[in-house]
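J.: Go ahead and model the full structure; you've got the sequences and the hints to work with.
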Amino acid sequence: MSVVLITILTLAGLGALAAVILYLASQKFKVFEDPRIDQVEEALPAANCGGCGFPGCRAFAEALVKADDISDLNCPVGGPDIMEKVADILGKEVAKTDPMVAVVRCNGTCENRPRVNQYEGATSCAVAGALYGGETGCSYGCYGLGDCVEACDFDAMYMDKETGLPVIIEDNCVACGACVDECPKDIIELRKKGPKSRRIFISCVNQDKGAVAKKACSVACIGCGKCVKICPFDAITMENNLAYIDYEKCKLCRKCVPECPTNAIHELNFPPRKPKPEKKEAPAKSPESSK
Amino acid sequence: MLKTFSIGGIHPADRKLSAGKSIEMLPLPKRVAVPIAQHIGAPAKPEVKKGDLVKTGQVIAKTGGFVSANIHSPVSGKIFKLDEVVDASGYRKPSIIIDVDGDEWDENIDRSETLNTDITLSSEDIIKKVGEMGIVGMGGATFPAHVKLSPPPGKKCDILIINGVECEPFLTSDHRVMLEKGDELIVGIRILMKALKVDKAVIGIENNKPDAIQHLKKLTSQKSGIEVQPLKVQYPQGGEKQLIDAVIGRQVPSGKLPIEVGAVVHNVGTAYAIYEAVQKNKPLVERVVTVTGPGVTKPGNFLARIGTPVSQLIEAAGGLPDNTGKVVGGGPMMGKALTNLDVPVTKGSSGILILPHEEAHRKPVENCIRCSKCISACPMGLEPYLLMIESEKELLDRAEDDNIMDCIECGSCSFTCPANRPLLDYIRLGKGKVGQIIRNRN
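Top line first, the protein sequences correspond to chains A and B. Take any residue in the first sequence, count from 1 to its spot, add 143: that is its number in this note's numbering. Take any residue in the second sequence, count from 1 to its spot, add 830: that is its number in this note's numbering.
None of these hints come from the bench; they were simulated from the model. Here a beta-carbon is modelled for each residue, glycine too, at the ideal position from N, C-alpha and C. Keep in mind that a hint or two might mislead.
[Claimed, not checked] Computed footprint of chain A on chain B, listed as stretches where at least three residues anywhere in the stretch have a Cβ under 8 Å from a Cβ of chain A:
#1 920-932
#2 1158-1169
#3 1254-1267
T.: Take a look at the structure:
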């Protein structure tokens, strides 16, 4: 009997001793972690895409809790709703951000931009970019090898086989910016989604002089400056033979679109224009045709 | 047993179709396009404007820094315009376009054929002259020659190695220079020796050029200090580090320049250009270009002015064959496919290779079978299959630890891969990215 008793007492004693040591150690080496970090992380979408600029949602949650002013921090995936929730948990103010969406600024389809050579190297835009300017006469345009599609974690992009260009599925795009970073030609840009997803942008990044650009691609921006002149809001600037529409200033009046002689300006999700006899081109695009 | 370098190497068929063709003078083109960045380093700054009249040999763009080179007008005529032209890189590069009118040379240039063996200039003056005359490494890397002749303080050069290896299949321009301009070449080597203050020079030549070896041996027999070293045929022996290993058995440490082991390497083409620059006051305005390929009717070696469109060279070699699949600027191993035929000849253009369809295309890529052939082939002792994966998956820190920056981009790994993997494509990409990171770190 006593053997059993001694055994139980010894084990209980050892257990108690270990418990005391563990307790003391945990007190001594305690790391304070704000419980709000867990709460914030819970609220975040757990996509770990890095679109906020931090390595994953946990790191973003830590940054949110630590910062006094969180107005310049934004989760592009969650958008305003999630940021609102986070602000409630932390009792801080968030800035109202406009939802963004990725836009492919190249319309150099196989028809518009004839191939002048043939690339046979590894299927990667980065590899091709390290070698040369691409299969067409335009050394600014899309390689069409799909690095951006590889980079997208949200199934928001696919390569259109016919045009050879990436297409963005607007509903899936969370504007994390992964494709923007991946594109070696800086063709993809994050732009304001706009009311009812209506947007106007220059679908070209070619900085060559007009004649060279036009020869390489029939829908290139030739830097003629007509759009700059007609814009009533000074939203369009011309730099290095390339027009750029500032989405903060653009009021979506659509005056520039028919003005462009090469149809390089694209409008998305607008209702069709009333047909005018002298202006035949009214390229009203459906959401799927965001090229 | 002939000497060669110690690790790696491959044996592509040498196919020197134009080896027996003597250097032909190419007629003057109607219009030349001279890129202002024909060398490694800062681009030169244009000195002329539209409408200016220039003479052959006149400076048209001044050096843009220490590691840079002057550009001289290769023709006489009128500046048509300063514009961007697609060069061998496949990108549009700023160039000076000149309409050719007659051939009037700058009066300071001695155009006589007489051999001038008296070296009157001092070491410093030679280096200055080489810089002024816009001489760059003519083996293809186009590193400004005067920079190589000025060793950094504290470093001592004790041997000059002249690269007459020409290990690239098909190319024969250096071979012809050695055969036809041997006397001038030897004077050029003596000028280089004087500039570097060394008393020993070795010309390394692969054993597939016995005539050149014999010719230069005869010329150097009575001159002390210059030696001809026949080498076993193996690619990439023309690589600077491989050649030093092959000729004098010294290994350049990782990330260091050849001067670290007391050696300076110059190409035979460069030595000949230096002879012309120092003794004849003639800047680098023309070079020997090999035009060759299996289907070419008249493969040959042509003395072409810088800026000549490639199409004219091809015309001189009998025109583009019908089943042309690819036109390569340079040799088949390290050359680059040209995107159009108006690309101008530059200081680094050693050859134009025209490949028929059946040889021009890549084979389908298969999976790596870990056969380690690429490791055996790599002359730098790297692991190409691993570097490719690391570059592809952006494991750049690991790629740096695995010495990706030591890759000389010779293409031996891609050549030897039985699964046709684009090893070099990805390694080059990774090398670029790691190089960027290292530059940002410093």
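J.: Decide, hint by hint, whether the structure agrees.
T.: Now the hints, each set against the structure:
Interface restraint, the segment 920-932 of chain B with chain A: holds (3 residues with C-beta to C-beta distance below 8 Å; minimum three). Residues of the segment 1158-1169 of chain B with a Cβ under 8 Å from some Cβ of chain A number 3, which satisfies the need for three, so the listed coverage holds. Counting residues of the segment 1254-1267 of chain B whose beta carbon lies closer than 8 Å to any beta carbon of chain A gives 5, which reaches the threshold of three, so the coverage claim holds.
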